[in-house]
Amino acid sequence: MKNTIAERIFDFLKNFPPFDILEKEQLLEIASNVKVTYVEKDTFVFKQDELPHQNFYIVKDGAIGLYRTMESDTILIDICDEGDIFGLRPLIQNDHYLMSAKANEESILYAISVEILKEIIKTNQKANKYIIASFSSNIKTPYAKTNSGNLFANIDTDTTFSEVQTAQYSKNPITCTKHSTIKEAALIMSDKKVGSILIVEDKKPIGIITDKDLRLKIATGLLSIDKNVSEIMSFPVITFPEKITIAEAQIAMIKHKITHLCITKDGSPNSELVGILSEHDIVVLHGNNPSVLIKELKRAKNVETLKYVREKSSNLLKGYIEQNIPITFISKIIAEITDAITIKAIELSILEMETEPPVKFSWLALGSQGRKEQLLITDQDNALIFEDVSQENYENVKTYFLKLSKKITSKLNSVGYKFCPADMMASNPKWCLSLSEWKQQFNNWITKPTEDAIMLCTIFFDFNFVFGDKELVTKLSKSIFKSINSFEIFLNFLGRNALKNPPPLGFFRQFLMEHDGNHKDQFDLKSRALMPLIDAARLIILSHNIKDKNNTISRFNKLAKIEPQNQDLYLSCADSFKILLHYRTEQGLKNNDSGRYINLNTLTKSEKLKLKGCFKPIKDIQDLLNIRYNLAQMM
Amino acid sequence: MFNLFKKKKYPSYWQKHIDAVKNSRNYSNYESIRFVCLDTETTGFDYENDRILCIGAVAIKNNKILVSDSFEVYMQQEVFNKETVKIHGIRRNGTEKKVSEEEAIIQFLEYLDDAVIIAHHTKFDLTMINNALKRLNIGPIKSKQLDTNYIHKKIAITNKFKKLYSLDELCEIYNIKMHDRHTALGDALLTAYVFLKLTYKYKKNNVLNLTNLINTNYYLNK
Numbered sequence: 001m002k003n004t005i006a007e008r009i010f011d012f013l014k015n016f017p018p019f020d021i022l023e024k025e026q027l028l029e030i031a032s033n034v035k036v037t038y039v040e041k042d043t044f045v046f047k048q049d050e051l052p053h054q055n056f057y058i059v060k061d062g063a064i065g066l067y068r069t070m071e072s073d074t075i076l077i078d079i080c081d082e083g084d085i086f087g088l089r090p091l092i093q094n095d096h097y098l099m100s101a102k103a104n105e106e107s108i109l110y111a112i113s114v115e116i117l118k119e120i121i122k123t124n125q126k127a128n129k130y131i132i133a134s135f136s137s138n139i140k141t142p143y144a145k146t147n148s149g150n151l152f153a154n155i156d157t158d159t160t161f162s163e164v165q166t167a168q169y170s171k172n173p174i175t176c177t178k179h180s181t182i183k184e185a186a187l188i189m190s191d192k193k194v195g196s197i198l199i200v201e202d203k204k205p206i207g208i209i210t211d212k213d214l215r216l217k218i219a220t221g222l223l224s225i226d227k228n229v230s231e232i233m234s235f236p237v238i239t240f241p242e243k244i245t246i247a248e249a250q251i252a253m254i255k256h257k258i259t260h261l262c263i264t265k266d267g268s269p270n271s272e273l274v275g276i277l278s279e280h281d282i283v284v285l286h287g288n289n290p291s292v293l294i295k296e297l298k299r300a301k302n303v304e305t306l307k308y309v310r311e312k313s314s315n316l317l318k319g320y321i322e323q324n325i326p327i328t329f330i331s332k333i334i335a336e337i338t339d340a341i342t343i344k345a346i347e348l349s350i351l352e353m354e355t356e357p358p359v360k361f362s363w364l365a366l367g368s369q370g371r372k373e374q375l376l377i378t379d380q381d382n383a384l385i386f387e388d389v390s391q392e393n394y395e396n397v398k399t400y401f402l403k404l405s406k407k408i409t410s411k412l413n414s415v416g417y418k419f420c421p422a423d424m425m426a427s428n429p430k431w432c433l434s435l436s437e438w439k440q441q442f443n444n445w446i447t448k449p450t451e452d453a454i455m456l457c458t459i460f461f462d463f464n465f466v467f468g469d470k471e472l473v474t475k476l477s478k479s480i481f482k483s484i485n486s487f488e489i490f491l492n493f494l495g496r497n498a499l500k501n502p503p504p505l506g507f508f509r510q511f512l513m514e515h516d517g518n519h520k521d522q523f524d525l526k527s528r529a530l531m532p533l534i535d536a537a538r539l540i541i542l543s544h545n546i547k548d549k550n551n552t553i554s555r556f557n558k559l560a561k562i563e564p565q566n567q568d569l570y571l572s573c574a575d576s577f578k579i580l581l582h583y584r585t586e587q588g589l590k591n592n593d594s595g596r597y598i599n600l601n602t603l604t605k606s607e608k609l610k611l612k613g614c615f616k617p618i619k620d621i622q623d624l625l626n627i628r629y630n631l632a633q634m635m
Numbered sequence: 001m002f003n004l005f006k007k008k009k010y011p012s013y014w015q016k017h018i019d020a021v022k023n024s025r026n027y028s029n030y031e032s033i034r035f036v037c038l039d040t041e042t043t044g045f046d047y048e049n050d051r052i053l054c055i056g057a058v059a060i061k062n063n064k065i066l067v068s069d070s071f072e073v074y075m076q077q078e079v080f081n082k083e084t085v086k087i088h089g090i091r092r093n094g095t096e097k098k099v100s101e102e103e104a105i106i107q108f109l110e111y112l113d114d115a116v117i118i119a120h121h122t123k124f125d126l127t128m129i130n131n132a133l134k135r136l137n138i139g140p141i142k143s144k145q146l147d148t149n150y151i152h153k154k155i156a157i158t159n160k161f162k163k164l165y166s167l168d169e170l171c172e173i174y175n176i177k178m179h180d181r182h183t184a185l186g187d188a189l190l191t192a193y194v195f196l197k198l199t200y201k202y203k204k205n206n207v208l209n210l211t212n213l214i215n216t217n218y219y220l221n222k
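Chains A and B, in that order, are what the protein sequence lines are.
Just so we're aligned, residue 1 is where the first sequence starts under this note's numbering, counting upward by one.
Just so we're aligned, residue 1 is where the second sequence starts under this note's numbering, counting upward by one.
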């Protein structure tokens, strides 16, 4: 029978997760069994410690506050508004309600039988994941090991929008047996005009010989061509199943530093060989491959080529984000390319100078590039250190490096890395200094931590060596840690700075928006979500005297090892950071901007939930800083 | 003469209706009462000449609107009034599956069971239904009846003497979003929302039981 009411409820529910991912029939079934209830302001839907109802609830109109009472304190945990689900976890886990639900204003709720939902999540994997993920924000110990993995499970659901492309491999691979000689193998390769041959036994791949092996091991006279192929073959081979995606193949090749992957029936080395996938196949398919781009950079002779590669790398980034490649991998690749572009820009600039550099120097990337977290194209931040020179030579040397830096920064500007508006660039005489001057500069910042000094520290502390003499950088690092150790209160100042941006959720779990300026009513993802994590990671890693960790994710991972008692917190910070960085990149690519400001109205409910999930660790890490550095007293 | 005293032989569905209401044990406990909010769409407002085109209804039990317990029936009618088509949108040969008036009444009484009827301006809907019953030589409806208009008047602070409140006005007063206005089931749902909100308010100053609610119907019970 046609049921107008059920259809209306269906139309409402289909806008909200997890209902939006259900099959139409499944959702209609839910909609036609909804019980509609009305709750007056200040009345309870359920109370803490009550036994669960038969139904969970979704807010149709109004707002329901979730309160948790511990000892004598009652805390407002969350406010559910239109489309939010509550009261589900206890039903699935057969537990008492851990919170009370009270109407903050008069509300209409749809009560949905848990039995129907249970039936559906049995068959709908995506809905199941979403439900589990949604619990994590409502559980007693959000960092419990078992839940941390599920916290962001729903992020996978988005990948369905972009099909991950399957790599096309060469079927009928060229093979020989392990009893063949090297000469025989080489003849087959020449005959078939291929650069590699697989050695098989019972149809299973056991090794591979490539042109490179022949060049390095045979042509050099290392081995005779009459020897058995097994003498020079590389083994074991890396195998994958037929459905390997381009992304997986690229990751595997980079990880194992190889150029060929074997495709076998079930993906294991113990099954029948069905094909071979070479780096070349991927290049042909994909067009832009990071190693191809790097090779192109190495051959580059002018800024135009750098610019071209830079644009190519943006396409690459887009593809990676669409395919949901792990963000740590993406940032490594993009950082590699950015560094390679910078190095080339420096090399080209030195060529333009009339003379070679008078003394050793090193070029530093600062800020996000220094942390290798720069995915979207942003301003350049850099600095230059040169070797100490005698008083009389100083002026000449400094003039040389300033001139060189101007060439470099303007090349980077043409490539697309715009000049830093705050002039934090090596072309600025303040940031083109000798090693002693730099040591003095950092020592000044550390011992006289004015607000400006702290701000500069946050940028300069994330320096990363890009080009030149690494020894200079190592010396500077040592000196910096010495200064910090002799003036420990500096860390407290750094801590105060890290708490400058409060957690992104207000008391009512609403997003804190910008109140004025060009970005009024938008959410500042960089300063409210990413920076607090970056600042916290830097501070704590500095306090442990760790020198070689400049990247936020690897900092948190390292901290998780150093402080096992806080392992869960640090790992969830790393997870949040990954998701936020991924999200910012996605937004930036979508809107062709820095991705920094988000218009909340354009977010779907599930995106908002995802973001909210990332904010919890920010609050917790800030709480930790507050206690550890006694910051409450300093504020 | 004796025929007058002889028990009249009713169709079984009508007898079932009488028994359901008479034997119900649900009325004394508010939580166990099944309320049915209903609305009819008709060819016009003339009790004698106009006909019911559609009955829509949804049940409430223990302060919950049960979407699964809803009812909608369209009936085939000879009477046609193109003026009211504009309001309810039910065309003479529209696509809705239509049944005979008798079949619709049978289905409706079956659905109604021992429920207490709630409508907005109940007198109109019930008179239309009772006249349909009369054409089948049965009726009038035995169910207990409530009217959201009168419950509202009982608790409203102002305008007490204004004679009638429209459903639109009540939705406005009680802040209910209007959807599917002027479809039978849509209006039945709005009436259900109004009833839920009214009883919440009513509870604050009155004891909520069926007798008290029925007593708000001073007009209906005359």
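Possibly wrong hints are sitting among the right ones.
As the list claims (entries may be wrong) - In silico DSSO-like pairs for lysine-lysine, Cα to Cα no more than 30 Å straight-line:
1. A:24 - B:64
2. A:102 - B:97
3. A:102 - B:82
4. A:14 - B:97
Unchecked claim - Taking CB as the label site, the calculated pair distances span:
5. A:599 - B:179: 53 to 61 Å
6. B:99 - A:74: 50 to 58 Å
7. A:77 - B:92: 50 to 58 Å
8. B:204 - A:67: 18 to 26 Å
9. B:97 - A:115: 27 to 35 Å
10. A:74 - B:140: 49 to 57 Å
11. B:99 - A:243: 39 to 47 Å
12. B:179 - A:414: 52 to 60 Å
Unchecked claim - Far from chain B by the CB rule (all over 10 Å, computed), these chain A residues:
13. 3
14. 4
15. 8
16. 35
17. 106
18. 243
19. 304
20. 403
21. 619
Hints in this document: simulated from the structure, not taken from any laboratory.
As the structure is a computational prediction, the values presented were derived from the model and not from experiment.
In this text, a Cβ means the ideal position worked out from N, Cα and C, and glycines have one as well.
Verification of the supplied hints:
1. A:24 - B:64: Holds, because 25 Å separates the two Cα atoms, which is no more than 30 Å.
2. A:102 - B:97: Measuring from Cα to Cα gives roughly 44 Å; hence the hint is violated.
3. A:102 - B:82: violated, 49 Å
4. A:14 - B:97: Since the Cα atoms of residue 14 of chain A and residue 97 of chain B sit roughly 27 Å apart, the hinted pair holds (cutoff 30 Å).
5. A:599 - B:179: 53 to 61 Å: Given a distance of about 29 Å, which is not inside 53 to 61 Å, the answer is violated.
6. B:99 - A:74: 50 to 58 Å: Taking Cβ atoms as reference, residue 99 of chain B and residue 74 of chain A lie about 56 Å apart, which means the hint holds.
7. A:77 - B:92: 50 to 58 Å: holds, 57 Å
8. B:204 - A:67: 18 to 26 Å: holds, 23 Å
9. B:97 - A:115: 27 to 35 Å: holds, 31 Å
10. A:74 - B:140: 49 to 57 Å: holds, 54 Å
11. B:99 - A:243: 39 to 47 Å: Once the Cβ atoms are compared, 55 Å apart, the range 39 to 47 Å for residue 243 of chain A and residue 99 of chain B is violated.
12. B:179 - A:414: 52 to 60 Å: Hint holds: Cβ distance 59 Å, inside 52 to 60 Å.
13. 3: Residue 3 of chain A not clear of chain B: closest Cβ-Cβ about 6 Å, inside 10 Å.
14. 4: violated, 4 Å
15. 8: violated, 6 Å
16. 35: violated, 4 Å
17. 106: At roughly 7 Å from the nearest Cβ of chain B, residue 106 of chain A sits no farther out than 10 Å, so the non-interface label is violated.
18. 243: About 43 Å separates residue 243 of chain A from the closest Cβ of chain B, which puts it past 10 Å; holds.
19. 304: About 60 Å separates residue 304 of chain A from the closest Cβ of chain B, which puts it past 10 Å; holds.
20. 403: holds, 70 Å
21. 619: Residue 619 of chain A is indeed farther than 10 Å from all Cβ atoms of chain B, at 35 Å.
The structure shown violates the earlier hints numbered 2, 3, 5, 11, 13, 14, 15, 16, 17.
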